[in-house]
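J.: Each chain, written out:
2 protein chains.
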Amino acid sequence: MDERARIEMLAHALGSGVKTAGIELGIGDDAAVLEVGTRGGERIVWTIDEQVEGTHFRRDLASWQDVGWRSFMAAVSDVAAMGARAWCALAALALPDDVDDASLEEIARGQRAAADVAGAPIVGGNLARGPVLSIATTVLGACDHAVRRAGARPGDGLWLAGHVGLAAAGLRAIETGRTGDARLAPAVDSWRRPRARLDDGMAMSAIAHAAIDVSDGLARDVGHIAAASTVRVVFDETALRGDAALLEAAAALGVDALELALYGGEDYALAVASPIPIAGFRSIGYISVGAGLALLGADGERPLEPRGYDHFSAR
Amino acid sequence: MDERARIEMLAHALGSGVKTAGIELGIGDDAAVLEVGTRGGERIVWTIDEQVEGTHFRRDLASWQDVGWRSFMAAVSDVAAMGARAWCALAALALPDDVDDASLEEIARGQRAAADVAGAPIVGGNLARGPVLSIATTVLGACDHAVRRAGARPGDGLWLAGHVGLAAAGLRAIETGRTGDARLAPAVDSWRRPRARLDDGMAMSAIAHAAIDVSDGLARDVGHIAAASTVRVVFDETALRGDAALLEAAAALGVDALELALYGGEDYALAVASPIPIAGFRSIGYISVGAGLALLGADGERPLEPRGYDHFSAR
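So the sequences go chain by chain: A and B.
Under the numbering used here, the first residue of the first sequence carries the number 1, and numbering increases by one thereafter.
Under the numbering used here, the first residue of the second sequence carries the number 1001, and numbering increases by one thereafter.
Simulated from the structure, these hints should not be mistaken for laboratory data.
Where a beta carbon is used, it is the ideal one built from N, C-alpha and C, also for glycine.
Don't take each hint at face value.
Claimed, not checked - Covered, in the sense of this in silico footprint (three residues per stretch, anywhere, with C-beta under 8 Å from a C-beta of chain B), are these stretches of chain A:
hint: 1; stretch: 22-32
hint: 2; stretch: 44-55
hint: 3; stretch: 75-89
hint: 4; stretch: 118-127
Construct all of the structure, not just a fragment, from the sequences and the given hints.
T.: In structure tokens form, the structure reads like this:
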């Protein structure tokens, strides 16, 4: 298939049945064309994320559809973290020669399925040859008010929507060939098919003082809130251990649930600082005066490193 | 440098001194935040382009600043091709371990220089580790009316702003170590420092029936106009040969100027179909009834293949 045929195939695989407001021209021209007036909301939020083979996924551990799905959800999760609704997306793929057209179509089906769930159709993109497969996804969202990393105040609670550590447990299950263990099924699903928490993001947008999505691990990502807000964030160990699915997966793997919860990434949970409870979020700590992170356990409070998954220095 | 330090360095290197309307929040959060009201124009155009080492550039043939510059101009050129003005951009870089922090900063300086010329600051992005260097750039533009590939009509003239073939001559000069030849200097500069034709794009936007930027070669890209508009496009050989800089470079290299003009890419000229002349554009042919491409020479008209640079089937 030449480039034009590939783009036609992708336009077919990606083409959404849903008519989305404000999309005047989609795949197939130099750029997508969007109408501003019908989008709603006073502000646009705009993000880009890239998944690279070998760094973010391995072909032997994920289906092509999973690769497409995960790349989309990782990107749209940043829109959720701003408290915005997702509008539409573009995807740029670098393709090695050994990714054939059928595989590319499977990737596109995974992207499409994720885009449908997020309500944000893919309206364009780019194809390039490259020695390694990568998918860069850029997403536009709309909102009246964007929730930033900065803004958390001492006295706020720290609230979480979604699991943390479960996807990391799932990856470990996949890596060790234990996907058949029923206790690990929710974990495996969390890694293969994460879901950006767009509804939770919109629910918190008018209330939360600060927010972030957990892509690189809770400690690391909430560390960004602490740094940007110049506050101290204290995690409640009991609360972090209070996730039945995580406990079961950790037990099956013989690893510590707290380690998974603090340092495992790719669940795309939302962590927010808020003065009041928010529907769909559970309490996992609080904001105090100071800097950095701490863990409140049975023996009191101890400092915590904001480490996690860092593409450049950790792992 | 860890990821946070790298992002801080990039924010510094990329940060524009120019205050751009509508940018409420730039580099450093989950997403950039843009205000819709102050942007101007009824429509947004949105594009993504990716440059991959080995496919689009080689380290031994381009400086890091050139790599950054070229990646930005390749992306923003699509905004020019829609007749829009550039608004702002995000960039996602995949970085191998052997691209050190100083090299990354040079890349960012090249991006910044191009962004300044285009008037479109880089307001966010993504860093990931990868086995090969790639730069994905997404750009938003604004306009009242977007010019598409479809819309060319029989009787329109075919008009060109900028050179075609000159960048390809420049790449050949660089590959063969002939950058010291003064006759090749404009060609080498065209390849190293292409300029998206944003002003020409805005000049044609209210007049042209169809437009495209020439990234993969004139025949291939104008072939997209012919296909999308269901018309035949006839190039005038004499006009294509009437570019003094191209003729001089072709002579110095001992290659045919017409071959360079028809099939050489990466100049980012604009080719448009228009019923009347447009300031800054020169006539290079016309649109007729039918399909495909043709070349009108001294011996009459002959069909032309819409080939050029195709990442997947040619070269």
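J.: Determine for every hint whether it applies to the structure shown.
T.: Consistency of the hints with the structure:
1. For the stretch 22-32 of chain A, the assignment as covered by chain B holds, since 7 residues bring a beta-carbon within under 8 Å of that chain's beta-carbons and 3 suffice.
2. Counting residues of the stretch 44-55 of chain A whose C-beta sits closer than 8 Å to any C-beta of chain B gives 11, which meets the bar of three, so the coverage hint holds.
3. Look at the stretch 75-89 of chain A against chain B: 5 of its residues bring a Cβ nearer than 8 Å to a Cβ of that chain, three or more, so the hint holds.
4. Here the stretch 118-127 of chain A counts 5 residues with a CB under 8 Å from a CB of chain B, which clears the bar of 3, and the coverage holds.
In summary, this structure violates none of the numbered hints.
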